[in-house]
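J.: Chain residues, written in single-letter form:
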Amino acid sequence: MTKTLEHFTGISDCSTEQLEQLLDLALKISQDISTFENTRTGRMLVNLFYEPSTRTRVSFEAAAKRLGMHVINVSAIGSSVEKGESLLDTFYTIQAMGPDCIVVRHPEEGNAKALAEVAEPGVHVINAGDGTAAHPSQALLDALTLKQNFKQFSEIRLVMAGDIRHSRVARSAIKMLTKLGIGEIRLAGPAEFMPGEVTTAGTVIYDSLDEAVRGANAIMMLRIQKERISGLHIPGGDEYHREWGLSVNRLGLASEGCFVLHPGPMNRGVEIASEVADSRQSLIRSQVRNGLYARMALLLNLTRAAY
Amino acid sequence: MTKTLEHFTGISDCSTEQLEQLLDLALKISQDISTFENTRTGRMLVNLFYEPSTRTRVSFEAAAKRLGMHVINVSAIGSSVEKGESLLDTFYTIQAMGPDCIVVRHPEEGNAKALAEVAEPGVHVINAGDGTAAHPSQALLDALTLKQNFKQFSEIRLVMAGDIRHSRVARSAIKMLTKLGIGEIRLAGPAEFMPGEVTTAGTVIYDSLDEAVRGANAIMMLRIQKERISGLHIPGGDEYHREWGLSVNRLGLASEGCFVLHPGPMNRGVEIASEVADSRQSLIRSQVRNGLYARMALLLNLTRAAY
Amino acid sequence: MTKTLEHFTGISDCSTEQLEQLLDLALKISQDISTFENTRTGRMLVNLFYEPSTRTRVSFEAAAKRLGMHVINVSAIGSSVEKGESLLDTFYTIQAMGPDCIVVRHPEEGNAKALAEVAEPGVHVINAGDGTAAHPSQALLDALTLKQNFKQFSEIRLVMAGDIRHSRVARSAIKMLTKLGIGEIRLAGPAEFMPGEVTTAGTVIYDSLDEAVRGANAIMMLRIQKERISGLHIPGGDEYHREWGLSVNRLGLASEGCFVLHPGPMNRGVEIASEVADSRQSLIRSQVRNGLYARMALLLNLTRAAY
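Protein chains in written order, with our numbering: chain A, 1 to 307; chain B, 1001 to 1307; chain C, 2001 to 2307.
For the record, the hints were derived by calculation from the structure and aren't laboratory data. Be careful, since some hints might not be right.
Here are the simulated lysine-lysine pairs, DSSO-like style, with alpha carbons at most 30 Å apart [claimed, not checked]: (1) K1003(B) with K1226(B); (2) K1179(B) with K28(A); (3) K2003(C) with K2151(C); (4) K1113(B) with K1003(B); (5) K1147(B) with K1179(B); (6) K2113(C) with K1065(B).
Some chain B residues well away from chain A (every beta-carbon gap over 10 Å; in silico) [unchecked claim]: (7) T1002; (8) M1044; (9) H1070; (10) I1072; (11) E1085; (12) S1086; (13) D1089; (14) T1090; (15) A1096; (16) S1154; (17) E1239; (18) S1274.
Note that CB positions come from ideal geometry on N, CA and C, so glycine has one too.
Construct the entire structure; sequences and hints are all you get.
T.: Shown next, in the form of structure tokens:
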């Protein structure tokens, strides 16, 4: 049997077998969630968030509660963080209260991993986003969403478009899908948004979204952070949409029935047209739902009871 | 049997039978809460609040928890709302996580109803206040409080005083009590605070609180929002209290034992004298307690198990 | 049998027997927490916090949840407090919702006690810090930590160092440990940080930390609030550390194996050196863990079931 995880800090820290095991479990949960409910009664999860977040925090909270776990939310705002306590000391404090899982979101890269290294046995650290580096539970739900809609990963020709350079979502998804043997990953976006060499091994960069989309059977649009656009040689709003947004027409260049994904929150009319977001080809709401299943699978695996 | 509710967006969207059924159930809960506890174990309620609120949020949270439900709080502050996501997209995201009930408070009128219209089957939307339009669960608890203290609604001569125009509490209470067959509703307050024709069908407007109070057997004082007074031809603080506040003397003009209600939070010394708020005729704390019962009844009805 | 507590507002309001009973129970919990879990299922605790706090709020929340209690958090930020409601009215509102325990943190002295005096039977008020006056549950965990490491309180020679004057932690700990018969309490810190006569009965004031530390077998360093230093004739940062911080060298002046405590959050390099905080003599993380046990004991005692 595949080794269960001790922590979940990044896709690179998991074996392919572990990732496949997580996906298989998440798929089972999606088929019959009631079997898994209340199987971790009395366990405790702490959400330790140094950046605001609705969807990720709520998704972990809902996943944990469905499993019967207690959930305690700690936000950096209004906490002893304001009193200047270091992340490490805050972590030690939280850990001393005996949680089973600590979910960490932090604006700086590498922090979840650093905390995992000092965690006591039995305390499992989950990276819910560290800077622009990683967001591995998002990658898990993205992979689950693709798995539900394709026979095998090798047949998927995925376009990821937008601000790849600053996207932890993209970074984790690329690693995850590469490990799972995805057929092709094409990256598209303004030059300033393209990543360096290392992070994109096995991917191909396009400088036209029209070109990238041709023949694709899945397109993942990334959120554009408007404040990032303003300082760069990148067109804003409508103009961005014309060049780099996913419109109905542009989607028409892809394979028939090509699926559309977006991690949210969306800027409708900027990186994605409303008609596309709400179309039958859109898997965007499935992604949110799968976030629940993926995180339940993750918590079950980390807290290692039989299932 | 009366049809259970699908959503609870406004008093006008409920039949009189449905409202009476809710009240009857709330009354039963108030008589023996323990029978109803943990009858919705494992269900999930999300509080989606775009305005700050203690009492309403906590009341729904307490009601849900007493029923055994999981509760997840989402506040617009520190959420993806800040990232510019639309209300509708946030709602779809929350909904995709599989809650049974979504309680929405929003500063703009009509939003809860709009969300109810797009909700998936099995997801019940509750309006916890939309702009100045409606606050129907408050009307429910107000009606319950009156029901506990009068033999029948037809014998009630109720004064509502203060800023009727901007009060969703007043608007919902008037609709609710009218449907229940209240004897009389008298509205009193500065001219700028009086409502237009439509919202006040079946009510009588007084331009003197002394006049309105004479012979009344229940008085509901509304909160004065001080920032609203300053721009208008309305006296502030002490002077407001003299003209439009409920003092011991003024209460003395009403029927003997006349009850006093206030939805809170109170401005003591402005719309209500402290002696009145704390007197034996005051039902203000009963209202809060009844908020728990009314919301438990509402959640039980919406989630439609047998009871 | 010793009388259980009705409220927990300050150490002075408890008999020595009651405090010892709490400590004995906390010790038992620390030895086998699982026996006590879920022994208060369905009870409700409200955290009513008028000051930001991570550790105290989370500690009460974790303690209550381990006991199976529902927990509702109310923070003064984003609440009806902003709408000008008085503390007393907010308390009445919370109380009307039927909680078993209300944990209050407030910036002004005496407020928890004032609320306890108006609480209904069956509602237990816990002071989680009022101004600079008291933080009795912190004193409980400090005493528990010492109890675990000494055969008896009479053999303890404790140094408390730093801003005693403004520290509710110090104030409550001194009262608690004096009642428990501690051998000796020595206070050290800049003159501006030393307390008046009354609060320090039974303690000795030192004007040199080196002198105070000699022969001590426990040292509790208090947090320095940097904003307090700036206005006074007190050296900042490094200079403060040289004169009043606990360095490895200074700790070497104490008895061998002298224990180190700190209520957190720490300013490493100011009142305490990192090497000291992380040394084997440090009980700082035990204190946090004991906070959980102490608060579970407190909640069990207040809610008075047999144990």
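J.: Quick one: work out the minimum CB distance from S1154(B) to chain A and report holds if it exceeds 10 Å, violated otherwise.
T.: The assertion about S1154(B) holds, with a minimum of 46 Å to chain A.
J.: Beyond 10 Å on every Cβ pair: is that true for T1090(B) relative to chain A?
T.: Violated, since 7 Å does not exceed 10 Å.
J.: Between K1003(B) and K1226(B), is the straight-line Cα distance small enough, at 30 Å or below?
T.: violated, 42 Å
J.: Quickly compare the C-alpha distance for K1179(B) and K28(A) to 30 Å and report which way the hint goes.
T.: violated, 49 Å
J.: Using Cβ atoms and 10 Å as the threshold, tell me whether I1072(B) really stays out of contact range of chain A.
T.: For I1072(B), whose nearest Cβ neighbour in chain A is about 5 Å away, the distance does not exceed 10 Å, so it is violated.
J.: Confirm or reject the statement that T1002(B) sits farther than 10 Å, beta carbon to beta carbon, from all of chain A.
T.: Label holds. Min Cβ-Cβ 30 Å, cutoff 10 Å.
J.: Taking the closest pair, is the beta carbon of S1086(B) still more than 10 Å from chain A?
T.: S1086(B) not clear of chain A: closest Cβ-Cβ about 7 Å, inside 10 Å.
J.: Report holds if the minimum CB distance from A1096(B) to chain A is greater than 10 Å, and violated otherwise.
T.: violated, 4 Å
J.: Straight-line Cα separation of K1147(B) and K1179(B) no greater than 30 Å?
T.: holds, 13 Å
J.: Quickly compare the C-alpha distance for K1113(B) and K1003(B) to 30 Å and report which way the hint goes.
T.: Holds - the C-alpha atoms of K1003(B) and K1113(B) are around 19 Å apart, at most 30 Å.
J.: Are K2113(C) and K1065(B) close enough, with their CA atoms no more than 30 Å apart?
T.: holds, 28 Å
J.: Taking the closest pair, is the beta carbon of D1089(B) still more than 10 Å from chain A?
T.: Given a closest Cβ separation of 6 Å, the condition is violated.
Hint check: violations occur at hints 1, 2, 8, 9, 10, 11, 12, 13, 14, 15; the rest are consistent with the structure.
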